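Undergrad: Okay, here's what each chain looks like letter by letter:
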Amino acid sequence: MSLSDKDKAAVKALWAKISPKADDIGAEALGRMLTVYPQTKTYFAHWADLSPGSGPVKKHGKVIMGAVGDAVSKIDDLVGGLASLSELHASKLRVDPANFKILAHNVIVVIGMLFPGDFPPEVHMSVDKFFQNLALALSEKYR
Amino acid sequence: MVEWTEFERTTIQDIFSKMNYDVVGQQSLARCLIVYPWTQRYFGNFGNLYNAAAIMGNPMVAAHGRVVLHGLDKAVKNMDNIKAAYAELSVLHSEKLHVDPDNFRLLGDCLTVVVAAQLGAAFTPEVQAAFQKFLAVVISSLQRQYH
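Protein chains in written order, with full-length UniProt numbering: chain A, 1 to 143; chain B, 1 to 147.
The set of hints was computed from the structure by calculation and includes no laboratory data. As the structure is a computational prediction, the values presented were derived from the model and not from experiment. Note that CB positions come from ideal geometry on N, CA and C, so glycine has one too. Be aware that a few hints might be false.
As the list claims (entries may be wrong) - Where chain A lies over chain B, by a calculated footprint (3+ residues, C-beta under 8 Å):
(1) 12–21
(2) 80–94
(3) 107–117
Claimed, not checked - Partner residues aside, some chain B positions facing chain A, computed with beta carbon under 10 Å:
(4) Pro37
(5) Phe43
(6) Gly44
(7) Asn45
(8) Asn48
(9) Leu49
(10) Tyr50
(11) Ala52
(12) Met56
(13) Gly57
(14) Pro59
(15) Glu126
Stated by the list, open to error - Calculated cross-link-like contacts (lysine-lysine; reagent style DSBU-like; alpha-carbon spacing at most 35 Å):
(16) A:Lys21 / A:Lys62
(17) A:Lys41 / B:Lys74
(18) A:Lys129 / B:Lys18
(19) B:Lys133 / A:Lys92
(20) A:Lys8 / B:Lys83
(21) B:Lys133 / A:Lys62
(22) A:Lys58 / B:Lys74
(23) B:Lys133 / A:Lys21
(24) A:Lys41 / A:Lys17
(25) A:Lys59 / B:Lys133
(26) B:Lys133 / A:Lys12
(27) A:Lys12 / B:Lys77
(28) A:Lys59 / B:Lys96
(29) A:Lys58 / B:Lys18
(30) A:Lys17 / B:Lys77
(31) B:Lys83 / A:Lys101
(32) B:Lys133 / A:Lys141
(33) B:Lys96 / A:Lys141
(34) B:Lys74 / A:Lys59
(35) A:Lys41 / B:Lys83
(36) A:Lys41 / B:Lys96
(37) B:Lys133 / A:Lys17
(38) B:Lys133 / A:Lys129
(39) A:Lys21 / B:Lys96
(40) A:Lys58 / B:Lys83
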């Protein structure tokens, strides 16, 4: 399900709107993921505090959304643009790709919560497709 | 038997008691048909589903959204035995409607986004966890009679 021009335009337009709150969105989404899908905590056993709003969660939420923003700017070639991140996830982090879907769901829930007027179904669809393509690019180097 | 904490029970009862089933039903089903267009396969006789605007304005979609939410209400009222309460519904979805159970999760995700947008900050991570646990039990019960 590759991204049409309309999808790319929708994602870029939404990102322009929400990027000022990117750090908050990242922290919220990550905190929710750890709470609603406790199995994801297995990747963060080395953190002192896994509760929503904790220091490590906020810091890492910022890292993740920074990468999402970068992906938006490289939307025309996600596989090429995310090559080194894919290498990192494949060789070092080894996050099961099923979890990318889980995190994407939580980012989408947070966007819907914080920007209800900017997230009609058509935009939701384009964003869902974007995350799906992002996940594919991230798992490109896995095997 | 599913174990519910006091918080989870109260949260689910609270969310659904304040919910406008007509609005949330229509919005969730329409969103599902738009975001995951392959789900339209089950609604061949619903008329115009050609684009997002048509789906949002389609009266059959709205009516069916209402049906789905009232089905969920049955689970809200039988939280201690959703499995039994849903036995017939499960047979219906499997034997008569032939719905791929993965679609239940897709609709559930859309319902979660709609409820999140309605509740805003009140949809805390803990509330989301309770809501999604409830949906997971509903979905599992709905899948139970498939063979």
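Undergrad: Enumerate the violated hints, using their earlier numbering and listing them in ascending order.
TA: Those not satisfied are hints 1, 2, 5, 6, 7, 8, 9, 10, 13, 14, 20, 22, 27, 28, 30, 33, 34, 36, 39, 40.
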